[in-house]
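*Asks:* When you get a sec, could you build the whole thing from the sequences and use the hints?
Just so you know, the protein sequences line up as chains A and B, in that order.
Read in order, the letters of the first sequence are residues 1 to 96 in this note's numbering.
Read in order, the letters of the second sequence are residues 1 to 173 in this note's numbering.
What the hints contain is simulated information worked out from the structure, not anything from laboratory work.
All residues carry an ideal CB built from backbone N, CA and C; glycine is no exception.
Where hints are given, some of them may not hold.
To be verified - Restraint-style ranges between C-beta atoms, simulated for each label pair:
no.	chain 1	residue 1	chain 2	residue 2	range
1	B	T11	A	E24	29 to 37 Å
2	A	W93	B	Q35	21 to 29 Å
3	A	P78	B	G125	33 to 41 Å
4	B	Q141	A	E33	20 to 28 Å
5	A	W35	B	P151	46 to 54 Å
6	A	P66	B	T11	19 to 27 Å
7	B	G74	A	E60	52 to 60 Å
8	B	P151	A	G76	52 to 60 Å
9	A	P78	B	A142	14 to 22 Å
10	A	E60	B	T43	23 to 31 Å
11	A	G84	B	T11	35 to 43 Å
12	A	G84	B	T94	40 to 48 Å
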Amino acid sequence: MAPMTLSLSDPKAVAEAGERIYAEKYREKYEKEHWGKFVAIDVLTSDAFLGDTAEQALEEAREKSPQGIFHLILVGSPGAFRVGYSDACTPDWLFQ
Amino acid sequence: MLVTLMHAPLTGFFNNSGSPVIRITVCGVFEQAKQEFDAVLDTGFTGFLSMPLVQAFPLGLILVGTTSTILADGSSSPKLMALGRITIGEQTETGIVLLGGNQRDVLVGMQFLKSFRKTFMLAEGGFLLLDNEDLRKAVEQAHQQLSAQLPTRNETPAQTPSQPETPSQSLAV
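*Replies:* What follows is the structure, encoded as C-alpha cells:
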C-alpha cells in the first residue's frame, strides 16, 4: 500500500507511486486482457479503475473513490497521451 | 448545388507559425472564473486540453492527479492532470486538462474534436469546425441532389447506344 501522505503538492511522488503500483499489481494482467484501455490508479489505496477513454476511467475512479489522487495510464503505452506541438514537449520543472 | 447546415460552422485562423488557432472559453468549478484563450489545434495531441499551469490557477480547475505524455522523440514526460470545461459557441464539454509548468501555449487535441463531435476543414484564410452530424446530412443532401440531376439506368439515354457510359452516370441509383 502506498503511503497515505502523498499529495498533489508533490506531483513527482504521485506519478512515481502510480507507475510503481501499476507495475507491481496490474501491468502483467492488464497488458494481456485490457490492452489499449485507460486505467486510473488511486495512489492512496492502490485501486485501479478501467475505461475505454481517459475520461471514462477518471469518471469511474472519482465516482468510486471521491477523495482519491489518481495517476492515469494507457495500458501498453509509455504515456497516456501523445503530444505533437513542440511547446508542450519540454521537460516539466514540476517533476524535476 | 446547395446544402443546408443546422449549426453555423465555427471558424479559426492560422497564427504566425502557421498553426490553426481557435478561441475557446475554459472554466473549472466556478462559472464566473471562466476565461477565453486562443488555443492551438494540435492534431498530434491525443488529449482534450493542455495548458500552462500559471494560466490554469485562476480558473479553479479540479486537480485530480498526474499522467504522462509521450513526446515527439518517443520519451515520456509526467504532467499534472485536472478536470475542466471548454465552451465553443453554444456547446460545452468536460474533459481532462493537462497542466504544464514550462508550457506557453494552450493546446486542444483530438479528444477535443471527438468530444465536441467536430470535423476540421481547411478553408480560404483559415479553417472551419463543422458539426459531424451536419456534415453527414450535407453529404447526404448533396448525394440526393446529384442523383436527382442524373438520369437513372431505366431512362432512355440521350446518347447513342454506341457511346460508353460515363463514370458519373454509373453513380445514379
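*Asks:* With reference to the structure, classify each hint as holding or not holding.
*Replies:* Taking the hints in turn, this is what the structure says about them:
1. B/T11 - A/E24: 29 to 37 Å: violated (50 Å)
2. A/W93 - B/Q35: 21 to 29 Å: About 23 Å separates the Cβ atoms of A/W93 and B/Q35, which means 21 to 29 Å holds.
3. A/P78 - B/G125: 33 to 41 Å: holds (39 Å)
4. B/Q141 - A/E33: 20 to 28 Å: Violated: the Cβ-Cβ distance is about 45 Å, outside 20 to 28 Å.
5. A/W35 - B/P151: 46 to 54 Å: Given about 52 Å between the Cβ atoms, the range holds.
6. A/P66 - B/T11: 19 to 27 Å: violated (40 Å)
7. B/G74 - A/E60: 52 to 60 Å: Check failed, 30 Å falls outside 52 to 60 Å.
8. B/P151 - A/G76: 52 to 60 Å: holds (54 Å)
9. A/P78 - B/A142: 14 to 22 Å: About 44 Å separates the Cβ atoms of A/P78 and B/A142, which means 14 to 22 Å is violated.
10. A/E60 - B/T43: 23 to 31 Å: holds (28 Å)
11. A/G84 - B/T11: 35 to 43 Å: violated (23 Å)
12. A/G84 - B/T94: 40 to 48 Å: violated (23 Å)
The earlier numbered hints that this structure contradicts are 1, 4, 6, 7, 9, 11, 12.
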